[in-house]
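Starting from the known structure of chain A, fit chain B with the ligands onto it as the hints suggest.
The chain contents come next:
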Amino acid sequence: MSDTKVAIKDLYKIFGSNPSSMIDKVKDGISKSDLLEKFGHVLGLDNVNIEVKKSQLQVIMGLSGSGKSTLIRHINRLIEPTSGSIVVDGEDILSMNQTELRNFRRSKASMVFQKFGLLPHRKIVENVSYGLTIQGINKKEAYERSNQWIESVGLNGFENHYPAQLSGGMQQRVGLARALATDADILLMDEAFSALDPLIRSDMQDVLLSLQEKLHKTIIFITHDLDEALKLGDNIAILRDGAVIQSGTAEDIILHPADDYVTDFIKDINKARVLKVSSVMNNENSIKGPEIQDNVIIEDALQTVSKSGSNGAIVIKDGKKIGTVSLTDMIMAIARSTKNTDSDTVYR
Amino acid sequence: MAHFFIREKKLSFFVEFPKMGRADLRDFKKGIDESFKDFTREYGEAIEHFFDPLLYFLVWLEKLFLNTPWPIIMVAIAVLVYFGSRSLKLTIGAVLAFLVIGYLDMWEDTMATLAIISVATIVCISVGIPIGILMARSNRAQTLITPILDVMQTIPSFVYLIPVVMLLGIGKVPGLLAVCIYAIPPIVRLTNLGIRLVDKDVMEASEAFGASYSQKLLGVQIPLALPNIFAGVNQTIMMALSMVVIASMIGVKGLGVPVLRAISNQYLALGVMNGLAIVVLAILFDRVSQKFGKRLQAHTESMK
Ligand SMILES: Nc1ncnc2c1ncn2[C@@H]1O[C@H](COP(=O)(O)OP(=O)(O)O)[C@@H](O)[C@H]1O
Ligand SMILES: [Mg+2]
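Protein chains in written order, with this note's numbering: chain A, 1 to 348; chain B, 1001 to 1304.
Watch out, some of these pointers could steer you wrong.
[To be verified] Non-contacting residues of chain B with respect to chain A, defined by C-beta distances greater than 10 Å in every case (computed):
id : residue
1  : Met-1020
2  : Glu-1045
3  : Ile-1047
4  : Leu-1134
5  : Ala-1141
6  : Leu-1144
7  : Val-1164
8  : Gly-1210
9  : Lys-1253
10 : Ala-1262
11 : Leu-1268
12 : Arg-1287
13 : Lys-1291
[What the hints assert, rightly or not] Derived lysine-lysine pairs resembling DSSO-like cross-links, with alpha carbons at most 27 Å apart:
id : chain 1 : residue 1 : chain 2 : residue 2
14 : A       : Lys-115   : B       : Lys-1200
15 : B       : Lys-1294  : A       : Lys-123
16 : B       : Lys-1216  : A       : Lys-115
17 : B       : Lys-1216  : A       : Lys-123
18 : B       : Lys-1216  : A       : Lys-140
Hints were generated in silico from the structure; no laboratory data involved. C-beta atoms are modelled at their ideal positions from N, C-alpha and C, and glycine is treated no differently.
So that you can see chain A by itself, here it is in the shape it has in the complex:
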């Protein structure tokens, strides 16, 4: 497909003294713990297949040690795969030589790091223009372009400070501005907000979303936090022991978790904030009520419906009625545990 930006195919990564000798065992399905115990190799990535569409925000989620950092570092080849292919804009990353790879990193894909990775001996404006000066752009132009990005992440006035003089949240704004300044159309973010306090993290998520509305970058965003994943992700892939166990939209994952691991992940989530009315929509003529857009989340829909005192709402899309939702269906959708086996206990 033409709007695929990043395609990762059959990707395996094994850490150890002789990874290629282990590849057959991994392909035969040896578990991560067996591989480590019996052969002393660490399974980093296990047959990963992901396609990221242009201008989408792809979230990759998993617990610590599940291989998230390993995966994202394959996209700009900070880590070499044991086998598999990575294609960006139709171009095979793995066939690039050193110079081509360097140019790819300079202009195509930039990165934001969990621990910020700022240069402590350089001022904020020098940090933001780092990618530009690496490309050989002269200082004056680099600073001018950087100052725009410093402004767009809300750091104007801090151009001549040093990173150590800024709080964690501000430092990551610098990290974000530095990544945006190169105009790369792929943004790789490895737990970029995980080191920040909850309130600041939420701020940064909003900053990212509002920038994305204007910039339409292809973003690959790593997190171990489901709330963050649901808030940001157009698409979410869940990683366990190096393998993708489910991939889909936030609604897909909440309505149809692939296995117990995912169910466990989502059990504490506030579904009313994620599910949209379209997910519980049907067509019953008995329902009368206010009109609601199909992409409104249930939390908001419930408020509208209960204020109007009706038994449901009419769902509209592009100004036309496409169905109805009942009050009880909405309540059930957010109350019901998504696993059928214990749904009985909820209803009793």
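Here is chain B with the ligands on its own, set in the frame of chain A:
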């Protein structure tokens, strides 16, 4: 009978260390000496010429220090100390110390010592930092060079004076060489260490933005290793100063010469005065370079 002899032989094996025959040993040592002498005859002159530029530089610097009127030198010292340390107290202390040194008739020797220390430091920096960078880049180089540095630091200096003197005779260059051999290890070690200690996350960020090898080295590694490299420079200067007396044994002018004379003639006052002058130089170099080093890490230190 035979039995007895065997016991006798066994005993002597335990009592006396089995050693090389006297004649063999003599031939062995002679062989080494002869071949080194041959080497000296063959290449001595070429090696001497190789060091000629260094000699000219040292002589020029010595002359410069000695021929410049002392008040100008004094002002230069005050300016350097002040800009190095930004401390008025230290600047006044330095000026006073040099006034006393001059008043006690040690000005010329002090200038000669300053000249050789300066040249030795420049040589150590320009050779030592590249070696340190090489060691930081390759683990193989590190395992190869580390034992050599250990030997250079622990071998008694008199031992390597022998081949140096055989090769280059007595004079300024062999003296300078001896000082450098002794003083270069700290700067090599600390350059290596400093680069290896650079934050992995910062290095990865640099790599991710497509920095080339030299962009990483000059833009990230060296600047972030600078406080450590500077600590190495400081130690190198200190060690060079402590070699002043030994270097004077093979013809280097400076504060070491009167100390040597004092030892052989039992002149207590002369020895102590010149010794203290060396101490004063050491303290000044140390304080100034430490203050300067502190300023270098102003921004790097407080990063989380
Ligand atoms: N250089 C390495 N050598 C050996 N094992 C590694 C290396 N890097 C990562 N791993 C292992 O690979 C797995 C995935 O690590 P990582 O990608 O850092 O996980 P995450 O980012 O999801 O926490 C872990 O088990 C980790 O121990
Ligand atoms: Mg990680």
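Now for the hints, and whether the structure bears them out:
no.	hint	verdict
1	Met-1020	45 Å, holds
2	Glu-1045	45 Å, holds
3	Ile-1047	40 Å, holds
4	Leu-1134	20 Å, holds
5	Ala-1141	21 Å, holds
6	Leu-1144	23 Å, holds
7	Val-1164	40 Å, holds
8	Gly-1210	4 Å, violated
9	Lys-1253	41 Å, holds
10	Ala-1262	48 Å, holds
11	Leu-1268	51 Å, holds
12	Arg-1287	24 Å, holds
13	Lys-1291	19 Å, holds
14	A/Lys-115 with B/Lys-1200	10 Å, holds
15	B/Lys-1294 with A/Lys-123	19 Å, holds
16	B/Lys-1216 with A/Lys-115	19 Å, holds
17	B/Lys-1216 with A/Lys-123	17 Å, holds
18	B/Lys-1216 with A/Lys-140	21 Å, holds
The structure is inconsistent with hint 8 alone, although it conforms to all the rest.
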